[in-house]
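Student: For this one, chain A is given, so just place chain D on it according to the hints.
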Amino acid sequence: MCDRVGIIEQGKMLAVGTVEEILEAHSSGDDVSERDLLIVSTVVVSDVETAVAWLKQCEGVSRVELLGMSGFGGASDNTSDSPTSFVSGAGNGTANVANNRMENRASGGRPTIQFTFSRDLERQAELLAAMVAAGIRVASFAGKQKSLEEAFLKVTRGRVQ
Amino acid sequence: MSSSENGSFGDVAIQLDHVTRKFGKTNAVDDVSFHVRAGEVFGYIGPNGAGKTTSMRILATLDVPTSGEAWIDGFSVVDDPDRVRRRLGWMPDEFGTYPNVNCREYLDFFARSYGLRGNDRLATLRHVMGFTQLDQMAEKPVDGLSKGMKQRLCLGRALIHDPKVLILDEPAAGLDPRARIELREMIGELASRGSRC
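Chains as they are written, first to last, in the numbering used here: chain A, 77 to 237; chain D, 9 to 205.
In isolation and in its complexed conformation, chain A is listed as follows (with noise of 0.2 Å):
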């Protein structure tokens, strides 16, 4: 509900402004071209794992991820082509279960696929239409929303005073 954020610890001030602008600010950390990327969430109904090694041959995805299959946030794949594992990096990790166990949930309980992708809208929709003909079942496709919550773990340490 809020236009923009301010996010406080220790008394100094850590970022103000739009939740993305705060997001895009604390990415610096990673890829320049991490920015045109987007992340994109999907369900499946059919075989979850065939649908996972589907999408790691597919051009233009990487960092393939399955959330949810353990009770505990879920198991990530650390076998992607990808240098940087995307649950690696500092002060991230936090943000990223809390991700996953919020995933988890809002797919009803089944695993979610979680990938990186172009965040064109015509080349998710060619993406989605060759998952479909791949005999994929789609439950769900959808780039994440960047939530408040990600701002403030990403921002914040914990810290008190």
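FYI, nobody ran anything at the bench for these hints, they're computed from the structure. Backbone N, C-alpha and C fix where the C-beta goes; we use that ideal spot for every residue, glycine too. Any given hint might turn out to be false.
Subject to a maximum C-alpha distance of 16 Å in a straight line, what follows is the list of computed EDC-like cross-link-like pairs (lysine to aspartate or glutamate) [as the list claims (entries may be wrong)]:
#: 1; chain 1: A; residue 1: 88; chain 2: D; residue 2: 102
#: 2; chain 1: A; residue 1: 88; chain 2: D; residue 2: 190
#: 3; chain 1: A; residue 1: 88; chain 2: D; residue 2: 39
#: 4; chain 1: D; residue 1: 158; chain 2: D; residue 2: 102
Per the computed footprint, the stretches of chain A lying under chain D, defined by three or more beta-carbons under 8 Å from a beta-carbon of chain D, are [what the hints assert, rightly or not]:
#: 5; stretch: 78-87
#: 6; stretch: 223-233
Tutor: Same frame as chain A, but now just chain D:
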């Protein structure tokens, strides 16, 4: 941001410029600068003990900064607290209720404190109780209200003098989901009218 970016206060509702508040050796608020424009809903978030309430209390003229300056609707909270109070509705995270006082009497007390008299006062009470949907509860004793109703009452109290700027400290804390959604709707409506929080 720096104050020079907003030389004119035209549409700046809240502005803090390098505000610091020290308690002993602790910097509860440490060189904080930001501004909120008219009609904007600004979320001020941080862990417990980060300095949110301290900075909001400074804006509400209940505390003064050790250094730095802040303005509400263009008026300095340090030099012009009376003008600031006339323009600011402040909803603290905890507020006192009194025994043997009902909702109408409670709001009426604050209306009188702000100098509202006669028909103005009655019209304001009707309006505020209607907006916060407290009219059903008008005769209910304040200290028997649920948390959600108390929050409405406190919001009503903050609105009683028709402030231009609203500052709400933890308005949704302890509310059930429905009360939370209703509060969000009320805040959204106030923001669209140009009140600010």
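Student: Among all the numbered hints in the text so far, which are the ones the structure does not match?
Tutor: 1 and 2
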